[in-house]
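Those protein sequences? They're chains A and B, same order as listed. Everything in the first sequence is counted per the working numbering, starting at 1 for the first residue and increasing by one. Everything in the second sequence is counted per the working numbering, starting at 213 for the first residue and increasing by one.
If a hint is listed, it holds; no wrong ones were tucked in.
Here are some chain B residues pointing at chain A (derived, C-beta under 10 Å):
no.	residue
1	Asp-393
2	His-448
3	Glu-449
4	Leu-452
5	Glu-453
6	His-459
7	Arg-604
8	Gly-633
9	Val-638
10	Ser-673
11	Val-688
A few chain A residues that face chain B, going by a derived Cβ cut-off under 8 Å, partial list only:
no.	residue
12	Thr-33
13	Ala-54
14	Val-55
15	Leu-58
16	Ala-65
17	Arg-69
18	Gly-71
19	Ile-72
20	Gly-75
21	Met-80
22	Pro-83
23	Val-84
24	Ala-128
25	Trp-158
26	Met-163
27	Leu-166
Here are the simulated distance ranges between beta carbons:
no.	chain 1	residue 1	chain 2	residue 2	range
28	B	Arg-588	A	Arg-118	22 to 32 Å
29	B	Ile-236	A	Pro-37	55 to 65 Å
30	A	Ser-98	B	Pro-286	52 to 62 Å
Quick caveat, the hints were computed from the structure, so don't treat them as lab data. Glycine included, each C-beta is placed from N, C-alpha and C at the ideal position.
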Amino acid sequence: MTPGTPPPSSSASLASSAADEWAHLVTAAVLGTDRRPLPVPPAGWDRERRGDAAVELLDRAAAVATARRAGIEPGPRPAMIAPVPVDTRPQCSSAASSILSRLLRGEHDIVLAEWFDRCAAAGVQPPAHLVPTLLLRGRRFAAFDAAVRRAVGPRAEWLAEAMPELRIAAAASTAAAGADPFARPTQPVDSGAVVTAIVGAFIERAATCRRC
Amino acid sequence: MTVRPTLDQVLLLAPDRAAATAAIPLAMPGSWSAAGCDGTAVWGQYVATTAEPYNVAIDLSDDIGGPAYRCNCPSRKIPCKHALGLMLLWANDGVAPARRLPFADDWLQRRAVRARPDEVETVATDSVATHDGGAETDAGDAALGGGARAPREDFGALDPTRRKRIMERAEKMRAGLQELDRWLADRIRVGLAGPELADPATWDRVAARLVDAQCGGLANRVKRVAARVGARPSWHEDVLEEMALLHALAVGAQRTSMLPAELADGVHAATGLTVAKNDVLASVPSTARWIVAGESRTREDRITVQRTWLVADDSADDSTVSSGPMTWAMVLSFGTFGNDVVSEHRVGTAFDADVHWYPGGIPLRALIGRIHAEARPSKCGPRAQSIAAGLRGCGWAIAGEPWLERYPMCVDATAAPLGNGRWLLVDETGSIPIVAEFARLAEIVCMSGGHPLRVMGEWSSDGLLPLSIFANGHAVTL
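Work the whole structure out from these sequences, hints included.
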């Protein structure tokens, strides 16, 4: 026996009788064999009768279930969506791709801007498998989103249309023209004072420790 | 080197709630004298309340079976509160590395000697049942199967206590399997619409009984069936299918002597009887260049199971052969205490090695034997089949082992929407669904962009779980 052995020629008739047999068994199993007697199996699925109806149902179900699972065939071809418009730029190198994925995990993400500058300068595309992460990140920062979409090209729009559930359709740009797309969100007004206080407390504690 | 567990993980090791509660106050440095640890063990003397100190040692060297404990207190619980207390202290960073105390060293060395000659893996296909000793397992399987297949050890020559244990284990398994089968038939008699099936406690009881009966593989399977109740509109079909396969396994495991040898081996692996690693490595190897095609992980109780999928690289063979079926091997590794498994093989690399398959209905689970050439990046990854050929491969595997839960395939296919957020992979031979709960769907869709993509994944009755993508000469793991 090798994988890929073609099924026997009578497979079509066996397939339809398997579907019938399975439907009968499921109905009987849902209602219970105490209430629903088992119908006689169709040709090709008959087997030695057991005294106990429940055991016989399990025996028959095991045979049909195995046949159904082992005989699975591809489903019909669905309507295909239009492919993404051709982007002639080459893919970025795998080294660049792994740097970007590290940046996106939060390692030194301060240099994300530099990554995109270099990407644009080299005229390459960001790696396609990171595009969803980039776009999802852009949902919160409009300026970042604009920069990502420029770098990604037509694939961003295509993905937004193909998977509306991601909610990454381009929003009307709210970022002021010329705004730094990679700027951190602005800090609250009094944050400077808070930082000074924390640093002060730390220095004071360090000094106390040295004394004792 | 063993990774230190968290406090929660230690408390999970307690045999009951009382032991866990009693252990917490013992996790004080003041209760212990000469507590120490090294890479594989923790030990100490409990001195707080007793005149004579209790000598406690814990062996952590068995990553899969879990820790082993020694304590000379009168408690019959395993682990006792003293062992748990010491584990808690250790988990809390309260035990420093030290030289082994003599009693601990004695005990650990005796254990190491005993473990070596018949090193056995206590985790079957996916099971987490712990047994002791490899020879018991082998001879026990002979006793259970009616002794038709040659036992690996002469059963008659074993000493009487050991023989008694083997017989007891076989009897236990037989009783557990019969009980499972009776329970399955009762459910069918009452009907799947009955309220009992919807109660998770029902399933937990059945699984617990199977663990007691040392059928760990089946216990885990029962828990997975429980999760299917009510999961989909057509869950009755899913559950009937699983119950029927459990029934086939329960009946088959009681009559392995009447089955063909390969099928009997497959039934044993699925119920929880395992083959010693050394016996697998003694089998005839398949030497080839193996491409690391993908990796998947699942959690089972306290253990993370990682499957590494290897596929034989036959691109060097003449072109007529390389359009045929693919040769897969699945290497399992385990992480305890919820820690992640360290990947030994990087997806997208290839290495020349001997692979030894575990005995079973189909060659699938394997051990890597001798490695002939170190891993280096594979130029194009695994070759692809059509979707129809991939499914035929899965069908062939299921025909060999009907209870098989997953089988790999590698296809060149395009992602296409089915509606309701579900997606298919499509090629000219047809389509297969991507599993519903797949978290990295957007990545696949985006990479495909409406064009064919090389996708490697695991097929199950829920659809294809994509694991890796090969594009532009490199691999992306999902």
